[in-house]
Amino acid sequence: MNGCKYIRERIDEADNPNLLPFEVAEHIAECQDCGRFAVERSGLRALLSGGTRVNAPVNFDAMLNARLAEVKSRSSFWWLGSVGYARIATATAAVVVMVFAAQFSGLFSTKTAVPTSEPPIALVPDAPTHVPSVRPPEVSIASVPVVPRSNRGYTNAARPRRDAMAASASVPIGYFTAEDGGVVLVRGRNGDIDVPVPTVSVGAQPLLYVSAGQRTVRNVGSSF
Amino acid sequence: MAAVTHQAQAIELGGSRSVEAASDHELLAAIRDGDEVAFQEIVRRYRNPITNFVYRMIDDYDRSVELAQETFIRVYTSASRYQANYSFSTYIYRIATNLAISELRRRKRRKTISLFSPFTNDDGDAVEIDPPDLNTLQDETMIENERRRAVARAITSLPQKYRAAIVLRDVEGLSYDQIAQTLNLSEGTVKSRINRARNLLKEKLSAYI
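Chains A and B are the protein sequences, given in the same order. Just so we're aligned: 22 in numbering that gives the first Met the number 0 is position 23 of the first sequence, and the numbers increase by one with no gaps anywhere. Just so we're aligned: 176 in numbering that gives the first Met the number 0 is position 177 of the second sequence, and the numbers increase by one with no gaps anywhere.
Treat the hints as calculated values from the structure; they're not laboratory data. If you're wondering where the values come from, they're calculated on a predicted model, not measured in any experiment. You may find that some hints are simply not true.
[As the list claims (entries may be wrong)] According to the in silico footprint, chain B covers these stretches of chain A (three or more CB under 8 Å from chain B):
1) 10-24
2) 44-56
3) 60-72
[Claimed, not checked] The calculated label-pair distances, taken between Cβ atoms and stated as ranges, are:
4) A:S72 <-> B:A206: 35 to 41 Å
5) B:S22 <-> A:K71: 22 to 28 Å
6) A:N58 <-> B:D32: 48 to 54 Å
Note that beta-carbon positions come from the ideal geometry of N, C-alpha and C, so glycine has one too.
Start from the sequences and build out the full structure, keeping to the hints where you can.
Structure representation (structure tokens):
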């Protein structure tokens, strides 16, 4: 005699719950639990399949044909869309490659080289660790000495406007005025370091990181 | 099942054979050749079953009509890629099932809360509160309507993975083999899901069985 689990599986799998195989019918005639299970399953399946079926609306075909016509009209220009997307993708990829290439080649680089010689520079010597409450004496920008441009660590070609400005302001060509940068305070050490100062916006103060031990200067941002 | 050669099945509609007599595979071959009449015949054969199936899945008639139309549009646009390795009904039910499941997922993301199912189970599926009404209904139509709504709510409250299987089996009457192909599952998994779905439905619909 087959087990109840097997019989219930056969009841579940039957295509017609009212036409069960002989071995199942034989079993449920003797097993009340399986008989009850068969009745429940039959009632449930009748309930699920016996409900009113919904049909498509009468204008189903007309609506479908309208949508299909729209799809067809769209699909007739598929080549335009695909080529257009391909062009945009290609152009975007080209721009990305160019930007990366320019960055790696140093075109946009703002790095400054460490000078080999030690040129004179205007630095405030030995800034005190404790700032006195008295107001520091005002220093005229014009009084800040100029620094030879040849010692700045970057080429003149990168700054063509500086030459023009210097020439028009009666500053010798190749020299660097105080307007090009700001005052650099080096705490605890007075070294003769060439501090190339990047161009900043009007009113901004460049923030520099000065490693006196290694004699390197790095621009870390601007402060307004 | 042996693959059917489309070329051999291509028919000339308007010739000696009528469209009604053509098999689904023959009609698909004709659709691929641009025959609109063949497509209309496919629509005529399947519009009601597909609409009913999607309706039972999502319990929204207007949306089920839209999804049924979308099903036919996909059949039309992908007719050239159709491979007659199994029956066309399996193929079209698979498209409809995928659309219905996508719709259910979209609704789930929207977090709509039904008044009948404000809570969810561990799977995140809605758990319906459907206390049996023990009062006697006087009108036969009301009883039938109430029964139909109860069945619809019970099916809708089933977890998604059970819903498609039970609707295909007990509402649409597909075989286990067809359901397995439609849902891309093994036959054993389909049997297990249907059994589990029936056990859940039995609890929800005990008052009507």
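Status of the hints after comparison with the structure:
| no. | hint | result |
| --- | --- | --- |
| 1 | 10-24 | holds (count 3) |
| 2 | 44-56 | holds (count 11) |
| 3 | 60-72 | holds (count 6) |
| 4 | A:S72 <-> B:A206: 35 to 41 Å | violated (52 Å) |
| 5 | B:S22 <-> A:K71: 22 to 28 Å | holds (26 Å) |
| 6 | A:N58 <-> B:D32: 48 to 54 Å | violated (28 Å) |
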